[in-house]
Structure formats: structure tokens, C-alpha cells
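K.L.:
Got chain X; can you put chains Y, P and V on it based on the hints?
Number of protein chains: 4
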Amino acid sequence: MGDEPIRVTVWGEGRHEKRDANVAELYPDGMHETIADGIRSQARAEVTVRCATLDSPGQGLPDEVLAGTDVLTWWGHLAHDEVADELVDRVQRQVLAGMGLVVLHSGHWSKIFKRLMGTSCALRWRNGDDRELVWTVDPTHPVAAGVPSPLVIDRQEMYGEFFDIPAPDELVFVSSFSGGEVFRSGCAWRRGRGRVFYFSPGDQDYPVYHHAGVRQVIANAAVWAAPSGPREQTPIAYAAPGWFE
Amino acid sequence: MGDEPIRVTVWGEGRHEKRDANVAELYPDGMHETIADGIRSQARAEVTVRCATLDSPGQGLPDEVLAGTDVLTWWGHLAHDEVADELVDRVQRQVLAGMGLVVLHSGHWSKIFKRLMGTSCALRWRNGDDRELVWTVDPTHPVAAGVPSPLVIDRQEMYGEFFDIPAPDELVFVSSFSGGEVFRSGCAWRRGRGRVFYFSPGDQDYPVYHHAGVRQVIANAAVWAAPSGPREQTPIAYAAPGWFE
Amino acid sequence: MGDEPIRVTVWGEGRHEKRDANVAELYPDGMHETIADGIRSQARAEVTVRCATLDSPGQGLPDEVLAGTDVLTWWGHLAHDEVADELVDRVQRQVLAGMGLVVLHSGHWSKIFKRLMGTSCALRWRNGDDRELVWTVDPTHPVAAGVPSPLVIDRQEMYGEFFDIPAPDELVFVSSFSGGEVFRSGCAWRRGRGRVFYFSPGDQDYPVYHHAGVRQVIANAAVWAAPSGPREQTPIAYAAPGWFE
Amino acid sequence: MGDEPIRVTVWGEGRHEKRDANVAELYPDGMHETIADGIRSQARAEVTVRCATLDSPGQGLPDEVLAGTDVLTWWGHLAHDEVADELVDRVQRQVLAGMGLVVLHSGHWSKIFKRLMGTSCALRWRNGDDRELVWTVDPTHPVAAGVPSPLVIDRQEMYGEFFDIPAPDELVFVSSFSGGEVFRSGCAWRRGRGRVFYFSPGDQDYPVYHHAGVRQVIANAAVWAAPSGPREQTPIAYAAPGWFE
Numbered sequence: 009m010g011d012e013p014i015r016v017t018v019w020g021e022g023r024h025e026k027r028d029a030n031v032a033e034l035y036p037d038g039m040h041e042t043i044a045d046g047i048r049s050q051a052r053a054e055v056t057v058r059c060a061t062l063d064s065p066g067q068g069l070p071d072e073v074l075a076g077t078d079v080l081t082w083w084g085h086l087a088h089d090e091v092a093d094e095l096v097d098r099v100q101r102q103v104l105a106g107m108g109l110v111v112l113h114s115g116h117w118s119k120i121f122k123r124l125m126g127t128s129c130a131l132r133w134r135n136g137d138d139r140e141l142v143w144t145v146d147p148t149h150p151v152a153a154g155v156p157s158p159l160v161i162d163r164q165e166m167y168g169e170f171f172d173i174p175a176p177d178e179l180v181f182v183s184s185f186s187g188g189e190v191f192r193s194g195c196a197w198r199r200g201r202g203r204v205f206y207f208s209p210g211d212q213d214y215p216v217y218h219h220a221g222v223r224q225v226i227a228n229a230a231v232w233a234a235p236s237g238p239r240e241q242t243p244i245a246y247a248a249p250g251w252f253e
Numbered sequence: 009m010g011d012e013p014i015r016v017t018v019w020g021e022g023r024h025e026k027r028d029a030n031v032a033e034l035y036p037d038g039m040h041e042t043i044a045d046g047i048r049s050q051a052r053a054e055v056t057v058r059c060a061t062l063d064s065p066g067q068g069l070p071d072e073v074l075a076g077t078d079v080l081t082w083w084g085h086l087a088h089d090e091v092a093d094e095l096v097d098r099v100q101r102q103v104l105a106g107m108g109l110v111v112l113h114s115g116h117w118s119k120i121f122k123r124l125m126g127t128s129c130a131l132r133w134r135n136g137d138d139r140e141l142v143w144t145v146d147p148t149h150p151v152a153a154g155v156p157s158p159l160v161i162d163r164q165e166m167y168g169e170f171f172d173i174p175a176p177d178e179l180v181f182v183s184s185f186s187g188g189e190v191f192r193s194g195c196a197w198r199r200g201r202g203r204v205f206y207f208s209p210g211d212q213d214y215p216v217y218h219h220a221g222v223r224q225v226i227a228n229a230a231v232w233a234a235p236s237g238p239r240e241q242t243p244i245a246y247a248a249p250g251w252f253e
Numbered sequence: 009m010g011d012e013p014i015r016v017t018v019w020g021e022g023r024h025e026k027r028d029a030n031v032a033e034l035y036p037d038g039m040h041e042t043i044a045d046g047i048r049s050q051a052r053a054e055v056t057v058r059c060a061t062l063d064s065p066g067q068g069l070p071d072e073v074l075a076g077t078d079v080l081t082w083w084g085h086l087a088h089d090e091v092a093d094e095l096v097d098r099v100q101r102q103v104l105a106g107m108g109l110v111v112l113h114s115g116h117w118s119k120i121f122k123r124l125m126g127t128s129c130a131l132r133w134r135n136g137d138d139r140e141l142v143w144t145v146d147p148t149h150p151v152a153a154g155v156p157s158p159l160v161i162d163r164q165e166m167y168g169e170f171f172d173i174p175a176p177d178e179l180v181f182v183s184s185f186s187g188g189e190v191f192r193s194g195c196a197w198r199r200g201r202g203r204v205f206y207f208s209p210g211d212q213d214y215p216v217y218h219h220a221g222v223r224q225v226i227a228n229a230a231v232w233a234a235p236s237g238p239r240e241q242t243p244i245a246y247a248a249p250g251w252f253e
Numbered sequence: 009m010g011d012e013p014i015r016v017t018v019w020g021e022g023r024h025e026k027r028d029a030n031v032a033e034l035y036p037d038g039m040h041e042t043i044a045d046g047i048r049s050q051a052r053a054e055v056t057v058r059c060a061t062l063d064s065p066g067q068g069l070p071d072e073v074l075a076g077t078d079v080l081t082w083w084g085h086l087a088h089d090e091v092a093d094e095l096v097d098r099v100q101r102q103v104l105a106g107m108g109l110v111v112l113h114s115g116h117w118s119k120i121f122k123r124l125m126g127t128s129c130a131l132r133w134r135n136g137d138d139r140e141l142v143w144t145v146d147p148t149h150p151v152a153a154g155v156p157s158p159l160v161i162d163r164q165e166m167y168g169e170f171f172d173i174p175a176p177d178e179l180v181f182v183s184s185f186s187g188g189e190v191f192r193s194g195c196a197w198r199r200g201r202g203r204v205f206y207f208s209p210g211d212q213d214y215p216v217y218h219h220a221g222v223r224q225v226i227a228n229a230a231v232w233a234a235p236s237g238p239r240e241q242t243p244i245a246y247a248a249p250g251w252f253e
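Protein chains in written order, with the working numbering: chain X, 9 to 253; chain Y, 9 to 253; chain P, 9 to 253; chain V, 9 to 253.
Be aware that a few hints might be false.
Each pair may be met inside one copy or between any two copies, as identical chains are not told apart.
Stated by the list, open to error - EDC-like mimics (lysine to aspartate or glutamate), calculated; alpha carbons at most 20 Å apart, straight line:
no., residue 1, residue 2
1, Lys122, Glu240
2, Lys26, Asp213
3, Lys26, Glu54
4, Lys26, Glu90
5, Lys122, Asp97
6, Lys26, Glu41
7, Lys119, Asp11
These are calculated hints, taken from the structure and not from any lab test.
Owing to the predicted nature of the structure, the values given are computational and were not obtained by experimental measurement.
Looking at chain X on its own, in the form it has when it is part of the complex (with noise of 0.2 Å):
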């Protein structure tokens, strides 16, 4: 994308905040709004962060939304079953042609990230004041890039393996519970020509994404999720015999 500004929007369920008091106080513009700040705040690369949510028109994200984003990051929990089928095909076709996705948190049961890995994508869980330490095992990875190692937040969801996803491409964290669980919470895949990455810490009960590593981390994976070229879908060639005779 050379010398122009990679262009995030990012993505938000936006239910939570009307609905519940406790997620209001700590995200009093909604939690889109707290991770296009850290976006904006931390990138490492010159970037334009908009947010879109589902209670938008078209669901937040229009043809034209999405042709002019280079980096879609997504969180939904309660409503993944309203986000139109169509919607899913859209992103999914922008995907495959090179706009990247960076899925965070309850984003792993949203329909399009089950839609890219093809798997249940299921998890344990409990939600019990857990403290997590989230572990870089792949310290040269760009999106581990001034992350410490551990990242330490105080209260959190727990996450558990098994986590049902196909082998990441890239395991850059693993994450540890204060109830002992494991989860392998930072994983790259390439999906056709886009990257996709997922970022486990997270959550409307906790002020997680206020956690300056935390959003260091989402920062860093907007920037290497960002395409390199111009998005293109894979053509269907016919090649006629003897073409490199």
C-alpha cells in the first residue's frame, strides 16, 4: 500500500453498551470506540481507523465500506445470529481478495470467522476473575513487535483449550489462567490473498481493552494484517496448451 495511511474500520456488536450499566461505565463510547483508540493511538504505521456497527444501516458495512477498508477488526457476543448471511459472503469475498480481518474475543464464534476457518471454533470457558498472562512464543513475529512477554491482565474470561480451530498458520501467544487452563490466544492464518489474525483478551465485563499492551497488540495486528497490493479476487485461468512451449 506504499505511503498511504492503511485504512481500519473497525467493527462492533454495539449491544452490551445499551443493554448492560457495568460495560457502559467502562466503555462509555461503546468498546469500538476504545479499540479504534488504541488503533489510533499505538499503530506503527500511518493509519485511518472509522468504526461500524451492526445496528447501523446495512449492518455497518455497505459495498462501499468495505471496498474502501484495507483492515476490518471484529467483536460480537450477543448477536452473531442477526449479522445477514450476505454481510458474511461480502467480507468473506473481500477476505479472499486481500482486506485483512483481525477477529477479537467472542469475534471466534461470529458466522465469519467460522465461515474462514470451517471449524466448530468452540472453546472452554469461564467467567470467574481469572488473571491472564498472555506469552509470546514467536518473539520476531511483527504483531508481538514491543508486546512484553508476559502481558499481564489483572481479570479476565478464561479461555480454554481445546480451542477448535484449524492449526494456526502462525502461533505467535499462548495465554495461561489463574485455574491453570492454557489457550493459544494469538494465531495467524492466510485466508486466499488476506490475513486473518485472532486476539483472545477481551471482554465487556472487564477493561481490557484499556490495557496498553492489549491494544498494542490489536494495533500491531491491523498493521501486519494490512494488504500489500491492490485487492484481487483469484482469477479461474484457462490456459491453452503449449503456453510456455
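P.N.:
Below, chains Y, P and V without anything else, positioned relative to chain X:
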């Protein structure tokens, strides 16, 4: 599965054989019967093999058949769109719970393969009487056991890169074609508790499923893909605080 | 190897047992005999198991022993430097030709493991009576068969990340420790025609090799690492022009 | 490395050029100068490039040169055995601490590549005026940016499978040859904190390093392999009990 024979179901679309005289001549009992026969005669473990086709009741795969199948092989071409979405759902659920799946040739564009991969599964192709050479790049892989490198297929449809799949967990075979193209022709993935193998040689217009080496690979893949334990859905467990204290 | 039993050689350094009273008490016949006994009793295939130690003639592994070994297990700690370089050369050559290798615990710093990995194989550690929980992250892997997740080891030395190894071809187990650390405790690689497994639980100061779950993993790893065909050096072939014309 | 230029050192054996008239004619300043020139002119980041050869003092790579090198490229053929073991030790240590390494063509048999891979690095070969086609199988990889697929090399030595390397972390290019062979010609690995790329096209007897596409790949690989932070030896940390309590 211990000492029980591996129960293989060979699914074939079964349409070309009814429509195209040359296919009926090459495969008088249907491609599926030829594939089944290859597995029966060349598997290096005890197997029982049956066939199922699109035009059978329940598209050949009612629940009781799937429940009694350890490994399913899949060949389709003309009628991918006719396969019912609810059947694709059921096959995916069985694979994630442990059933093996071996996808053959034009099956790269089946609904079930695209569902499990999450990508377009598009590729370059040409029907031009190429000679295909299948080279082993992982000689220790069980699917390559007893397979000469290269395996020479005198006449074959060309499938070439870029093949839009997730990076294979294990890359076993790479092919070249007379036209100079290359193709990742033997690829393995894990999805949930199930194993998936894709093998590209095989076409309705060429006698490829009579080729001893091709039959050996498919028989090996069926044995490799067999689950080692009973079918099991990944549970979504709730672990109470203090579980391991 | 068909119906022949898998020939396992358990190599042990055998020094702690002579020097440290507490080790001698935990392992009166030597750690190697305890490890060998676990493989004999819990392997899910026919095996014959013998032991070899550093202080035996030829450091326990003269040519005829290696030639008659399908899978070698390796435990060392105090005396890595005493292992002869020419023995390391010979073991490497056998692994590349197909012999399996299972490296245990402090064997991460053996010459042979560092030789096959190409990295420092350094890790974080602490001897502090941690409880280790070993979680399965690849439930379909043959080395995880019949192993509960988590496997609970009440007292154990801590090994933590960053573990300086090449990214495993297959990551099977991840451990957590009371101190909050995590570790990739079960890792598989292919090197040449041989399979290599590293499994970290096990220490001279704790009775870990008497633990049924640990023994199951090591027995599974020995069976998994066994070659499927005769030993074979990778040839450096000259193929004449026109080979496949 | 932020805005500092990437410091590349192109190491060349430099013997063919002195001995063989045809090589001297193809590469009047030495292959290394042609390689260096390609990186200078086609790198998509700021670089400073210098050359070093076997017959220079300290075999071209005294400590101060290595310390000031972000990425080292390596071409050798006739004199692999003359490279001092202590130099191989020093280069390995620098790679594990973060220095990038790009290994070219016959460098597959260099001591440093075999040291980092742990395998024989043997391959099939033939010097028979083959045409090589280099196909991209990972179009999103930075090393493939701006590289046509296939890249056509009219005359080239054949390198074919089985290539005895660890499975690459990322497979970027696969080649075919006129004789029908295939080869994993562009492979990426991480070793310690350093990145390693192997690219096979290039031979003293053909003008391959004057080929614009080949030069683009090598320039891309040099930029890709550059470390993102300061050199760092993996510490062997002692973490006291209660570290995270």
C-alpha cells in the same frame, strides 16, 4: 479403531457415467466403483468399502450411513450445486467429530471442501492431454508409502497454481504437467477431530482411477484419514473457578 | 515395519542415579529402566525395549545397536558435553535415514537435539515444586491417544517460554505451571526420513516417570516415531536430460 | 529497524570467477557484485549493500562485519569445506539473535545452511540446459511482491525433489523444469529470532543473476529477512518461585 475394519464410503456424483459415452466406456460400473475397488485391493489395513451416489435416496448419505462411515471419499463435478446444504452441514459435523474425508480431483469445488477450507478453492486448469508427474516431497508420510516418485500419469487434465487453499498442514505431493505448470496435488489438513486429504489426479475423461499408483495413494489416504477413536463432538465445557486448585 | 515389533532403545545418561541419593531412591534401577518399563507396559503396538547408558562401551550406542533401533529415546542432563561428537553424527545420520527419536525433558540441551533443531533450544526454568498441567491442543494426534487433558503432575520443575526451537510441525501439548508460565511441552518434527518428538515432563528430582499419563505419552511417542519402511539415506541422484520425455 | 537503511552483506565464494572463463565472462565483477547490484536497484526499502568473499581477511566476515549486518546473503559451491567452523558458529549465533540470512542456489550445501536446518539438504540435480518456471504458491508473501508467476528462466541447472529440508514454515515458490521435475524453490523458516530464506535459481554457468525477476525475489527476500529490532540472544532466565503471584 483397533482391530475393526475401517468402514469407507465412496461417494460419487454418478452423472457423467450416464451422460457421456466415453466416460461410461472407461468406467462401466461408475467411477465410484472403480475407486472403491482400488481401495479394497490396495489398502494396507482391513477395510470394508461401499458406494453412495447423488441420485440415491438421501443423496446417498442419510444419517445412518454417515454414522457408520469412518472415512468418506468425495468425487463430484457437474452437480456440486445440487448437493443439499443440510447434507453439507451433516458431513461437516461428522468430520469435525472425527470422520475422515478424502476429496478427489474436481471435488476441490464441492460445497463440503469449500466449507472446510474457508477459501474459494479455485485453481488454474486446462484440458489438453498433459502428462502429469506426481512427485513426493514428504517421503515419510503414510499416504506416500509404497508410491513411486514420480508417479507418471500419461494423459491427464492440468490443474495448476495458484490453488486457493489454506496452507496445508502437510504437503505430500507436488505435480508438474507437460505445459510446465506445477500443482500441490496431495495435501493434508486437520479440521476439528477429523483428517482431510485432497488428491488431485483423476478425471472422468481419462482412465486415471485404473492407474495402480493413483489407487495406492487413495487407499493410503483412506487408511490415514481413519479416526483412532470414537466420534466425539467438541464440547463447550464450563469449568468452575478453582477447577485445578 | 509391518508385523515386526518396534525396537526401542532407551538411552539414559545414568549419572544422577549414582551421585544423588534422592534420585537413586526414586529410580532404584535408573531413570532409563523406569522409562523403558513404561514403554513396555503402555505401548499400543508390539515393542521390544532395551536400555543403553553413557558409561557403557561405545557410550551405549555402537553402530550395531543403532542399526537395530527403530526408535531411540534420549534423556541427559549433567553430561551433555561428554557425548562424543562422532556419536552425535551417527545418531543424526540414522534419524535422517528414518530412525525415530524421542527427546525427554533436559534432553532439550543435548547435542543431538540442538543438532537436529539448528537453534539454541534454550528455555526459561525454575526448580520450585510447581504443579504442571499438560493440555492437549491436538486431540487427534496419535501421541495424545488415551491421554487425559489436562494431565496433572503434582510436583515438577518449571520449563517456560520462550523455548528457542523451530516452530513445531505439529504442536500436541501445552503446559501451564503454578507460577503462571506456559510451555510447548509436546512437539513433533520431521527431519529427513525420521520423526522427532520432544516431551518436557520428567525430572530426576521428581517421580514423574512413574506417572501413568506421562508413561502413556512416551509410549505413544515411541510408537508414533517408528519408521514405516527400511532405513534409507537420501540419495543424491543424477537424472539424465530427457528422463521423462 | 525503523528508518535506518537495512545493512546487507552479500557473501560470495568468489572462486569460479577466478577459475572459469565462462563464469568470468558472465560475471566480470564476480557473482556477488551482480547480486549486490540487484539488491541495490530493486529493494523496496532503503538498503546499503556491501560484498564479502571467502578469500578476504577473516573469510570476509570478521566480528565487526557481522555485527553491522542486518541481512547476510550466501552463495558458495566449490569450497564449502574451506569455510571455518568457528565462522559457521558465529554466523549461526547472529542468526539466532536476529540477523536475517538469504541462502542462494548451491548454498543449500553450505555448512551454515545445514547447521540451521539439521538435515542433509541433499537434492536431485542435473546440468542440462533446462528451462525453469518459478510459480508463486503464496501470492500474499512479501517475497513474492511484484514477481510474475511464472517467472521464466530460459536456461538453468535442474534442482529437483526430494529436497531434504525441514518442512518450510512458509512455502512461497515451486519450480518446474523441462525434464518434468519439481522443486520447492522458495522457502522461509524462522530460527531463533532470525529469518532464513532459501531461493534456488542461480548458477555460475548461466546468467541467472542478471534476470530481473530473480533479482526482484532476492531483493524482496533481503528486505523480508531484516530484523525488526536490535540483536538479542535468547536469555536463559531463572524465574523465582512466585514470580507472578
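K.L.:
State for each hint whether it applies.
P.N.:
We went through each hint and held it up to the structure:
1. Lys122 to Glu240: between (23 Å within a copy, 19 Å between copies)
2. Lys26 to Asp213: within (13 Å within a copy, 56 Å between copies)
3. Lys26 to Glu54: Neither. Shortest intra-copy (32 Å) and inter-copy (49 Å) distances fail the 20 Å Cα cut-off.
4. Lys26 to Glu90: within (16 Å within a copy, 44 Å between copies)
5. Lys122 to Asp97: For Lys122 and Asp97, both the intra-copy (12 Å) and inter-copy (13 Å) Cα distances are at most 20 Å.
6. Lys26 to Glu41: within (14 Å within a copy, 60 Å between copies)
7. Lys119 to Asp11: So Lys119 and Asp11 fail the 20 Å test inside a copy (33 Å) and across (40 Å) alike.
Hint check: violations occur at hints 3, 7; the rest are consistent with the structure.
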